[in-house]
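A.B. asks: Given the coordinates of chain A, assemble chains B, C and D onto it according to the supplied hints.
Chains as they are written, first to last, in this note's numbering: chain A, 116 to 365; chain B, 116 to 365; chain C, 116 to 365; chain D, 116 to 365.
Bear in mind the hints are in silico, worked out from the structure with no lab data behind them. In this text, all values refer to a predicted model and were calculated from it rather than measured experimentally. Possibly wrong hints are sitting among the right ones.
You can't tell identical chains apart in this list, so a pair holds if it fits in one copy or across any two.
Unchecked claim - Derived EDC-like pairs (lysine to aspartate or glutamate); straight-line CA-CA distance at most 16 angstroms:
{"id": "1", "residue 1": "K222", "residue 2": "E200"}
{"id": "2", "residue 1": "K222", "residue 2": "E208"}
{"id": "3", "residue 1": "K189", "residue 2": "E316"}
{"id": "4", "residue 1": "K222", "residue 2": "D322"}
There are 4 protein chains.
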Amino acid sequence: MSRLRVTVWSENHHERHEPAIAALYPRGIHGAIAAALSVDRGLEVRTATQDEPEQGLGGGLLESTDVLLWWGHKVQGDVADAHAETVRRRVSEGMGFVALHSALNSKPFRAVIGTTGRSFGFRHGGRELVWTATAGHPIVQGIPHPVIVPDSEMYCEPFDVDQVEETVFISAFDGGEVFRSGLTFRRGRGKVFYFGPGHEEYPIYHDATIQQILRNATRWAAPEPRPTLVVPTAPRDRDKPVGWFAGSPS
Amino acid sequence: MSRLRVTVWSENHHERHEPAIAALYPRGIHGAIAAALSVDRGLEVRTATQDEPEQGLGGGLLESTDVLLWWGHKVQGDVADAHAETVRRRVSEGMGFVALHSALNSKPFRAVIGTTGRSFGFRHGGRELVWTATAGHPIVQGIPHPVIVPDSEMYCEPFDVDQVEETVFISAFDGGEVFRSGLTFRRGRGKVFYFGPGHEEYPIYHDATIQQILRNATRWAAPEPRPTLVVPTAPRDRDKPVGWFAGSPS
Amino acid sequence: MSRLRVTVWSENHHERHEPAIAALYPRGIHGAIAAALSVDRGLEVRTATQDEPEQGLGGGLLESTDVLLWWGHKVQGDVADAHAETVRRRVSEGMGFVALHSALNSKPFRAVIGTTGRSFGFRHGGRELVWTATAGHPIVQGIPHPVIVPDSEMYCEPFDVDQVEETVFISAFDGGEVFRSGLTFRRGRGKVFYFGPGHEEYPIYHDATIQQILRNATRWAAPEPRPTLVVPTAPRDRDKPVGWFAGSPS
Amino acid sequence: MSRLRVTVWSENHHERHEPAIAALYPRGIHGAIAAALSVDRGLEVRTATQDEPEQGLGGGLLESTDVLLWWGHKVQGDVADAHAETVRRRVSEGMGFVALHSALNSKPFRAVIGTTGRSFGFRHGGRELVWTATAGHPIVQGIPHPVIVPDSEMYCEPFDVDQVEETVFISAFDGGEVFRSGLTFRRGRGKVFYFGPGHEEYPIYHDATIQQILRNATRWAAPEPRPTLVVPTAPRDRDKPVGWFAGSPS
Numbered sequence: 116m117s118r119l120r121v122t123v124w125s126e127n128h129h130e131r132h133e134p135a136i137a138a139l140y141p142r143g144i145h146g147a148i149a150a151a152l153s154v155d156r157g158l159e160v161r162t163a164t165q166d167e168p169e170q171g172l173g174g175g176l177l178e179s180t181d182v183l184l185w186w187g188h189k190v191q192g193d194v195a196d197a198h199a200e201t202v203r204r205r206v207s208e209g210m211g212f213v214a215l216h217s218a219l220n221s222k223p224f225r226a227v228i229g230t231t232g233r234s235f236g237f238r239h240g241g242r243e244l245v246w247t248a249t250a251g252h253p254i255v256q257g258i259p260h261p262v263i264v265p266d267s268e269m270y271c272e273p274f275d276v277d278q279v280e281e282t283v284f285i286s287a288f289d290g291g292e293v294f295r296s297g298l299t300f301r302r303g304r305g306k307v308f309y310f311g312p313g314h315e316e317y318p319i320y321h322d323a324t325i326q327q328i329l330r331n332a333t334r335w336a337a338p339e340p341r342p343t344l345v346v347p348t349a350p351r352d353r354d355k356p357v358g359w360f361a362g363s364p365s
Numbered sequence: 116m117s118r119l120r121v122t123v124w125s126e127n128h129h130e131r132h133e134p135a136i137a138a139l140y141p142r143g144i145h146g147a148i149a150a151a152l153s154v155d156r157g158l159e160v161r162t163a164t165q166d167e168p169e170q171g172l173g174g175g176l177l178e179s180t181d182v183l184l185w186w187g188h189k190v191q192g193d194v195a196d197a198h199a200e201t202v203r204r205r206v207s208e209g210m211g212f213v214a215l216h217s218a219l220n221s222k223p224f225r226a227v228i229g230t231t232g233r234s235f236g237f238r239h240g241g242r243e244l245v246w247t248a249t250a251g252h253p254i255v256q257g258i259p260h261p262v263i264v265p266d267s268e269m270y271c272e273p274f275d276v277d278q279v280e281e282t283v284f285i286s287a288f289d290g291g292e293v294f295r296s297g298l299t300f301r302r303g304r305g306k307v308f309y310f311g312p313g314h315e316e317y318p319i320y321h322d323a324t325i326q327q328i329l330r331n332a333t334r335w336a337a338p339e340p341r342p343t344l345v346v347p348t349a350p351r352d353r354d355k356p357v358g359w360f361a362g363s364p365s
Numbered sequence: 116m117s118r119l120r121v122t123v124w125s126e127n128h129h130e131r132h133e134p135a136i137a138a139l140y141p142r143g144i145h146g147a148i149a150a151a152l153s154v155d156r157g158l159e160v161r162t163a164t165q166d167e168p169e170q171g172l173g174g175g176l177l178e179s180t181d182v183l184l185w186w187g188h189k190v191q192g193d194v195a196d197a198h199a200e201t202v203r204r205r206v207s208e209g210m211g212f213v214a215l216h217s218a219l220n221s222k223p224f225r226a227v228i229g230t231t232g233r234s235f236g237f238r239h240g241g242r243e244l245v246w247t248a249t250a251g252h253p254i255v256q257g258i259p260h261p262v263i264v265p266d267s268e269m270y271c272e273p274f275d276v277d278q279v280e281e282t283v284f285i286s287a288f289d290g291g292e293v294f295r296s297g298l299t300f301r302r303g304r305g306k307v308f309y310f311g312p313g314h315e316e317y318p319i320y321h322d323a324t325i326q327q328i329l330r331n332a333t334r335w336a337a338p339e340p341r342p343t344l345v346v347p348t349a350p351r352d353r354d355k356p357v358g359w360f361a362g363s364p365s
Numbered sequence: 116m117s118r119l120r121v122t123v124w125s126e127n128h129h130e131r132h133e134p135a136i137a138a139l140y141p142r143g144i145h146g147a148i149a150a151a152l153s154v155d156r157g158l159e160v161r162t163a164t165q166d167e168p169e170q171g172l173g174g175g176l177l178e179s180t181d182v183l184l185w186w187g188h189k190v191q192g193d194v195a196d197a198h199a200e201t202v203r204r205r206v207s208e209g210m211g212f213v214a215l216h217s218a219l220n221s222k223p224f225r226a227v228i229g230t231t232g233r234s235f236g237f238r239h240g241g242r243e244l245v246w247t248a249t250a251g252h253p254i255v256q257g258i259p260h261p262v263i264v265p266d267s268e269m270y271c272e273p274f275d276v277d278q279v280e281e282t283v284f285i286s287a288f289d290g291g292e293v294f295r296s297g298l299t300f301r302r303g304r305g306k307v308f309y310f311g312p313g314h315e316e317y318p319i320y321h322d323a324t325i326q327q328i329l330r331n332a333t334r335w336a337a338p339e340p341r342p343t344l345v346v347p348t349a350p351r352d353r354d355k356p357v358g359w360f361a362g363s364p365s
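Pulled out of the complex, with its shape left as it was, chain A reads as follows (with noise of 0.2 angstroms):
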C-alpha cells in the first residue's frame, strides 16, 4: 500500500529574518512538523516554503499532495491568487488541508472556506487550555484533556467560518477568551482541519501533544478511496433511443 503524500507549506519568512524564531527552529517551522509527521512511517513527507520559486506552489506539487498542512503570518498574503485557487481546486477534487493558526487569515483558507476566516481580537503571551468538544473524534485519540500550551496566542470568537463539520477543540486563555482551535469542515471531497496554536515565538510545534494531534489530523484528512462506478457494457435494449450520449462518467 501506497503511503500518504504529505506537503508541509509554510512562509518561512521569520526563520530567516529574526534569530529568535531561526533560533527556536533551526529547521523551520516547516522543518519541524514535517518531522513531527515522519514520525508516522505511513507517511511521506516534504515541505515547501513561501521564498523557494513559484513559492513553494508551482511544479504540480499540489497535484501529487494527497494533504497540504499550511502555516503562513506575516507574508502569506503575498501568494498569488492562482496558488489559492489550485488549493482550493485540489480540496474540492479530495485533498486534505490542515490549515495552522494564522493560516485562518491565508487566500487558500479563504478560499476553501468562504469566508474571512478573522479571529475576533488577538494578544501575544498568556495559557492556553485546549480542551476536546468531540470526544469520540479520530484526531483526539491520545490527547489529553486539556492540553496545555503555557505561552500561546489568544484568538477569541466570533471566529468567521461558516458549515463547520464538527468542533474538535475549543480553548480558553487568560483573558477569559474562548475560541474554536480544532474545526473540521467538508468542501466539495476534501476534508479540512484548522487548529489554532501555533505562534512562531513559542516552542509550540516542539511540544509532543500538539506533534500528535498533527499526526492525528493528517491522518484525518487523507482522501478517501473511491469505488468506481460499474457501467454496463452493452445499452438496455428498449431505453437507449438514437441520439443517446454518454457524458463523463462521475
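C.D. replies: Same frame as chain A, now just chains B, C and D:
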C-alpha cells in the same frame, strides 16, 4: 396573524422546598421566564410545572404548543417516558424546543438530541463569560459581546451532543473551563436551542440580557409555515395505469 | 478482530399466511437476507421475527446488535412502542439500521428518522430502474448502473423524510414516477440506510446485485470505533478549586 | 423596503446565431427569464450577456447583485476565470445564485459547488416529468405535482455534485433516466439553487409553471439580513490586559 403559543415548563421543586430559591423567584423560575417572554406581545405564554396533574404535560398541552421551554434539575428524572416521547414526536412535527441549563440531563432533551447530554464537569459559583460564536445569528441580535454572568454554574466540554447545527455561544469559566452554552439543532422538522446559564441559586433569569436571549430564541424556534403540495386533479392519462393508489401526501 | 453482529428482523407474516410467498421464500424473507449477508464472513448474522416471543426484540437482542436490518409490511404496526423506542435509542448510541422497502412505514423508522416516512403513492408490478446518484459511495461498490428490478413495487416522491445525509440511489418506474430508493442518514451516533426495492411477491432478495447492496449497506452502517478521552490524573493546581466535580465523560 | 437586485446572465449565443432560437426567444433567453421575474414587483431585474463588454460581468455588476441567475451552454467555457472567481466570492459573501440547465457545466457553478457538475448522459427530445421531492419547500409553493415539460433534454444520474442541502425536484425521462432537477446548496453565506429544465430549442422559459419556479427560487436565494454584533464600549476591567488588540469583527 395569530400569536405564537409558548409553554414554559419547569420542575417547580426548588421553589417549593428551598426558601432561598422561593425568595429569589417568587413566581417560580417558570413565572420569571414567562414574564420575560410576555414582553413580546406576539407570544402567547403559559406555564406548566411538574407538580401539576400529569406532570403538567397532559391534556393535549404539547399538541397546542408552538415552542416549549424546559427548565429542570433535581426531579425532572421522574418525568414519565411517555411525556418525553411526546416532546420528541412534537419536535419532529415542528414544535420548537428551548432547553435551559440542566435540561441537558432531561429525558426530552436526550430523546430529541439522541445523546446523553452530559457535561464533563460542574462547579457552583464563579463568573461565566458568554461569547458569541456566530455573529450573524438571529438569537444574538442586540446581545452584548461577551455577556457577563457574575455568578453561575460551570459546565465543561466535552458536551455529549451530536449533529449540532450552529454554535451560537461559547462560555468561559473561572477555572479556564469552556462549554458550548448556545447550540442550535434540527430534529425532524423542529428547531432546538440549548442555552446554558440558569443555575437556580442565582438571579440569572432576572437579567435583562438573558431575558432578551430567551425572547430571541423563542422567536427563532417557531415552527416554519409550510406550503401545501398542489396535486393535479385529473390523472395524467397514460401515466396512471390501473392500480395506482394515492398514498398520503406530505 | 471480532465479527460484526447483525440482526435481520422481519414480520414473517406473509410467509406463514400466503403459500405463494412461502414458496418464493422458503426460509422467509429474513432467511434469504441473512443467507445473503453471511456470504461476508466478517458478519455474524442472526434473524428475529415478529411472531417470536416479545416480537423477536426482547432479551437484550438490540443491546448486542451492531447493525439491524428491518423488513415489515402488513403487521409491523403491531410492534410495541417500547421496542421502537429501543431501536431509536440504540441507533443514537451507534447501532446501524438498514430499513428495507415498507419499513418506511414502521414505528422504528419513524422514530429514528423523525418523520412519517410516507410515500406519495404506490403500485404493484412493473419495472424499477435503480440509478446510482452518488458514484463514490461505499454502498455502490461493484453495483451496476442502473440496477434493473424486472418486477417491483412503485413508490413515488415526495418521500416524507428529513435531514437526509446522502442520496445514494434514485429509482424510476414505468409510469414515470421517481423515488429516492437509497438514502443515508445520521441519527445520534448511528448510521441509517433506507433501501427501497423489496416487495414480497417478487424474488428481489434472491437477486445477486440486491444481495451485494445489502452486504455493502450492512458494512457501511457498522458502528465506528471511538477513541477514549484521556483525562489527566492530577488536577491542574489552580484550576480545580474546591467543589469541582467530575461529571461523566462522554 | 428596497427591492431585491436580480441579474439574469446568459450567453446570448444561440439567439444571435440560430434563427430558430431567435424566433423562439425574440428577447433572448435572458429577456424571457427577466420578464418572468419582473412579474414580482419586489424584484429589480436587469440582464447581462456574454457578448457585452467584459462578458457582461464587469463594472461592479456582481457587487450590486443580490441574486444572480445563469444560463449558459455553448460558449460559457470562454468566460474568464476571474469572473468565475468573482461569482464564487460573491456567493460566499451572501449573493444568491440560481444555476439553470447547462449552467452545471459553467466555471462559476463548478467553483461555487466544488465539483465538476457533470451529468452522466444527455439526449435531446422527449418528455420530462419534474416531481417534487421536498413538499414543504418554499420553492415548490404553488407548483403542480408533477410538472410536465413536453419537450426537454434528458440529464442522467449520477450528477456530480456534493454537499447538497435539499433535493427539491427529481425528474424522470422517457428512457427511464432520473436526474435531480432541483437542488439547493449553501456555500459560505450564499444560497444556491440548481434547476434542470431549460434546453434552448424548446419554449421552456415561456411556460407559466417554470416561470413561477424561477420567481420562487429567486426569492428563496435572497441574502439573509444579518444582525450586527454588539460590542461593549468599555473594556471589561480585568479582562483586557495590556496588549489586547481588537481584530476585525465579523
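A.B. asks: If a hint holds in the structure, say so; if it doesn't, say that too.
C.D. replies: The hints, checked one at a time:
Within a single copy, K222 and E200 get their C-alpha atoms as close as 8 angstroms, and across copies as close as 13 angstroms, so both meet the 16 angstroms cut-off. For the identical chains of this complex, K222 and E208 are inter-copy neighbours only, at 15 angstroms across copies versus 18 angstroms inside a copy, given an alpha-carbon limit of 16 angstroms. For the homomeric pair K189 and E316, the shortest alpha-carbon distance inside one copy (13 angstroms) is at most 16 angstroms, but the shortest distance between copies (49 angstroms) is not. Proximity of K222 and D322 under a CA criterion of 16 angstroms is satisfied in neither setting, with 28 angstroms inside one chain copy and 42 angstroms between copies.
The earlier numbered hint that this structure contradicts is number 4, and it is the only one.
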